[in-house]
Amino acid sequence: MSGWDELYRENILDHYKHPRNQGTLEHPDVSFEDANPLCGDRLRMDFQIRDGRIIAVRFSGQGCSISQASASMLSEKLEGMTLDDAKKISREDVLEMLGIELGPVRLKCALLALKTLKGGVYGLHQWPGEEGEEKP
Amino acid sequence: MRAQFPIFREPREKPLIYLDSAATSQKPDAVLDAMADYYRRYNANIHRGIYTIAEEATAAYEDARRRVARFVGAASPREIVFTRNSTEALNLVAHSWGRSRLEAGDAIVLTEMEHHSNLVPWQLLADERRIELRFIPVTRDGELALDALPALLADGRVKLVSVVHISNVLGTVNPVAEIARQAHAAGAVFVVDASQSVPHCPVDVRALGADFVAFTSHKMLGPTGIGALWARREWLEAMPPFLGGGEMIREVKLTGSKWNDVPWKFEAGTMPIAEAVGLGAAVDYLEALGMDAVFAHDRELAAYAMARLADVPDLHLLGPPAERRGGVVAFTLADIHPHDVATVLDGDGVAVRAGHHCAMPLHESLGIPASARASFHCYSLPEDVDALVAGLHKARKVFAR
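Those protein sequence lines, which keep their order, are chains H and U.
FYI, the numbering for the first sequence is 1 to 136, going by the UniProt record's numbering.
FYI, the numbering for the second sequence is 1 to 401, going by the UniProt record's numbering.
The calculated lysine-lysine pairs, modelled on DSBU-like cross-linking and capped at a C-alpha distance of 30 Å, are:
#1 U/397 with U/14
#2 H/108 with U/14
#3 H/88 with H/17
#4 H/87 with H/17
#5 H/108 with H/87
#6 U/397 with H/108
#7 U/394 with U/14
#8 H/88 with H/108
#9 H/17 with H/77
#10 H/17 with U/394
#11 H/17 with H/108
#12 U/394 with H/108
#13 H/77 with H/88
#14 U/397 with H/77
#15 H/77 with H/108
#16 H/77 with H/87
#17 U/397 with H/17
None of these hints come from the bench; they were simulated from the model.
As the structure is a computational prediction, the values presented were derived from the model and not from experiment.
Just chain H, with the same shape it has in the complex (with noise of 0.2 Å):
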């Protein structure tokens, strides 16, 4: 099977017709917003933090049902993970959860989420996994 079919599975769209923690927290410790230039993406992620813990998750924005779902997918995994776990979490860890092969494009789309998070919870400011590609 090739095409639309195995990438927009049935946990892709579940998250993406049935988003889970959209919106935003009225009074957030930490929030931060991300796009992905090259298709408009635009991701707000807002946390709640306690005692070094994500209490609350919440994302806005517009974008593919491939970002809207791991952003949905990825909120569900932090609420109550301690933030040195949040930082932890890595590409590979997100796209095993999306359980789907993708290509360049699609690629960034699947991290914005991630990429929205560590900018957030660590200040980062580069698509994750990209410090370890393509040197010389």
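Please build the complex by placing chain U on the supplied structure of chain H, with the hints as guidance.
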């Protein structure tokens, strides 16, 4: 005709339904053969060697220039400068003409519907020289609000006006001759980004009333890597060079150099020779079809597509009515992201563009982050549109919330 384009003969699981010709066109055998023939039979550098194949290569390269010049109605082949693409042609104007003529306090008029290639070079120049950029707005129907132009030109500070001929997103055919008249009356030079018009409709650069016209080979059935700038001879003579290096000089001393004649003054280093040969073959191919016929075909398909797409529920068409556009149809489908639409279409072999099509300000003015776009060329068929429509119905089902 499709049989003459090898990409459509390539065996694949599902036939290719190519609807992204505004991004790049497919290439006929004639173009690929001409390029291979150069590499196989007379590959040599041009304007240098005295031996037979170098002479052959030089003749083929300059013959391509002659054909391009005739194709766009230039007064002389020497008004055609080969560049890498439209983007480089526009950068050449911004760099050579702009930096030698413009100073702080001058203004440039563009439009809100420009491709980034006809926006960013001017932004760079504006930053460097403290030049003001002004924009002709776009109406809700995706046309230029031309009644705003006289006020933009009124204070006499505008030295250059640069406008896209046919919008790569909306397909709008802009009234460039009228804009040229107003620009010239205000004492400004007039630049046309003809990336989507030279490949699709008859263009006579002198009838456009322009001073500079930029276009690119890969959208007109030719190879990537080569484009052209047409400019009035007197401008090319007066302008300083763009890039320095071999070929663009007449005499080099350690302390300074004298420039070559136009257009070679602007062609530094070894140029894309095979690509020029391929572009020449593409021009021959288009001339044999007739540009009137190519444009009529484009417009028929656009009208057919607009009629068929209007039947897809929740589909919103962008841009003007069919009679005022070329072979480009952009749209949004409900609140489904264009990338998702394109991915479902791709599953059926249908290739459309999704995103902002290098026109972010235009999408912002239309109030949408992105759109999907179908675009045509001479090999496109009504059946392609039918496949698109079927795919859009499928996308609606997949993403219905």
